[in-house]
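Undergrad: Here is what each chain is made of, one letter per residue.
There are 2 protein chains.
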Amino acid sequence: MTPPKTIDFWFDFSSPYGYFMSEKIDAVARRHGRDVRWRPFLLGVVYKEIGSRPLTEVPLKGEYTRRDLLRTARFLDLPFALPSPFPVATQHAARCFYWLQADDEALARRFAHAAYRAYFVEGRDISQQVEVVSIAAALEVDGAALSAALGDAPVKERLRAASAEAIAAGVFGSPYVIIDGEPFWGVDRLPQIEAWLAERSAAGR
Amino acid sequence: MTPPKTIDFWFDFSSPYGYFMSEKIDAVARRHGRDVRWRPFLLGVVYKEIGSRPLTEVPLKGEYTRRDLLRTARFLDLPFALPSPFPVATQHAARCFYWLQADDEALARRFAHAAYRAYFVEGRDISQQVEVVSIAAALEVDGAALSAALGDAPVKERLRAASAEAIAAGVFGSPYVIIDGEPFWGVDRLPQIEAWLAERSAAGR
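Chains Z and A are the protein sequences, given in the same order. For the first sequence, UniProt numbering begins at 1 and goes up steadily by one. For the second sequence, UniProt numbering begins at 1 and goes up steadily by one.
Just chain Z, same shape as in the assembly (with noise of 0.2 Å):
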């Protein structure tokens, strides 16, 4: 039997429907036999690249978001409250992201859902150093040691690189889930990647 491929999720934590799918993609992978590599990426440098923006600012459907944000989260069963302000930088929240997961990918994880719920369950402004430090030390990360590898080169190289990558790879949005090379965009792709996983699992048996 050869090993599970895993299965790429990519996502900027400034969004909610990235948040929504954090939320749920580890169980759908698992119920597969899936492992899933979670890849925080700066949306912002891809919206730079291919010339797109928030939702949020485009006439007419930035309303219509609005409410379809409460609406998703409420068919999906989660804690939201669209925070203020929104959507803001991710940098900090993506790099100790990546700072953690050298060392342990389960507290990386943790703290990945800690910062989602942060900012999309209690209106924390994650885009705020002081702010990803401590939701960190909640977890019993070191903030000093946190605060320090925030402001080095090699972290900021990292990140960096994991933009580059998404761009590489077609992502153009938030979340973007890949499995096998076939591209998932958006969380209402969720019964789409069930149906996939369950068809080459079948395939496989």
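Because the hints were derived from the structure by calculation, they are not lab data. There could be a bad hint or two in this list.
[Claimed, not checked] Simulated crosslink set (BS3-like; lysine-lysine; CA at most 27 Å straight-line):
1. Z:K61 with Z:K24
2. Z:K156 with Z:K48
3. A:K61 with Z:K61
4. A:K48 with A:K61
5. Z:K61 with A:K48
6. A:K61 with A:K156
7. Z:K156 with A:K5
8. A:K61 with Z:K5
9. Z:K61 with Z:K48
10. Z:K48 with A:K24
11. Z:K48 with A:K156
12. Z:K5 with Z:K24
13. A:K61 with Z:K24
14. Z:K61 with A:K5
15. A:K24 with A:K5
16. A:K24 with A:K61
Using the hints, position chain A against chain Z.
TA: Just chain A now, kept in the frame of chain Z:
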């Protein structure tokens, strides 16, 4: 008992996700005792208003959309082949719909299904008036009367009014479904439409 409130189904005949929705929305509505008002409009008029453009013309999103369409068709168990040319102008098809609808709502709907399938299954170029007339003729519509009507000022005005109404209703894409004021954009919102209708009909009992 109050009569069931109508659901508005806005669509452009050149919208593949609109085609998918056209094959599903009536059955979903019927399950919850609702009627659907089919409302073709010109997406190009709306895009001009809000400064948007077809998904297939956005960098990266074009290739993704082509894959997503094939996968979504399979997921929804619908026949589909991306036609060429795509997208096309749809004023003849939409005007034919409204012209038929003035006398016979059911016939207009049969025509809408036939036009969508002609384009997205058989690859017939429905931007051509001759194709639209041929599709209608197969439903026993008088071709000569239709050809004359498609150039009539009141028929043209009916479509212009529909597109203006779409913009006034906040419609910015296709398909766009509005249920008691709540907007749903995209065929991927079908599960949320179903949940919304179930909740409303439970509340109304």
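Undergrad: So, for every hint listed, does it hold in this structure?
TA: Comparing the hints with the structure gives:
no.	hint	in the structure
1	Z:K61 with Z:K24	holds, 25 Å
2	Z:K156 with Z:K48	holds, 19 Å
3	A:K61 with Z:K61	holds, 17 Å
4	A:K48 with A:K61	holds, 19 Å
5	Z:K61 with A:K48	holds, 14 Å
6	A:K61 with A:K156	violated, 33 Å
7	Z:K156 with A:K5	violated, 55 Å
8	A:K61 with Z:K5	holds, 25 Å
9	Z:K61 with Z:K48	holds, 19 Å
10	Z:K48 with A:K24	violated, 37 Å
11	Z:K48 with A:K156	violated, 41 Å
12	Z:K5 with Z:K24	holds, 18 Å
13	A:K61 with Z:K24	holds, 24 Å
14	Z:K61 with A:K5	holds, 25 Å
15	A:K24 with A:K5	holds, 18 Å
16	A:K24 with A:K61	holds, 25 Å
Figure legend: structure checked against the earlier numbered hints; hints not met, in rising order: 6, 7, 10, 11.
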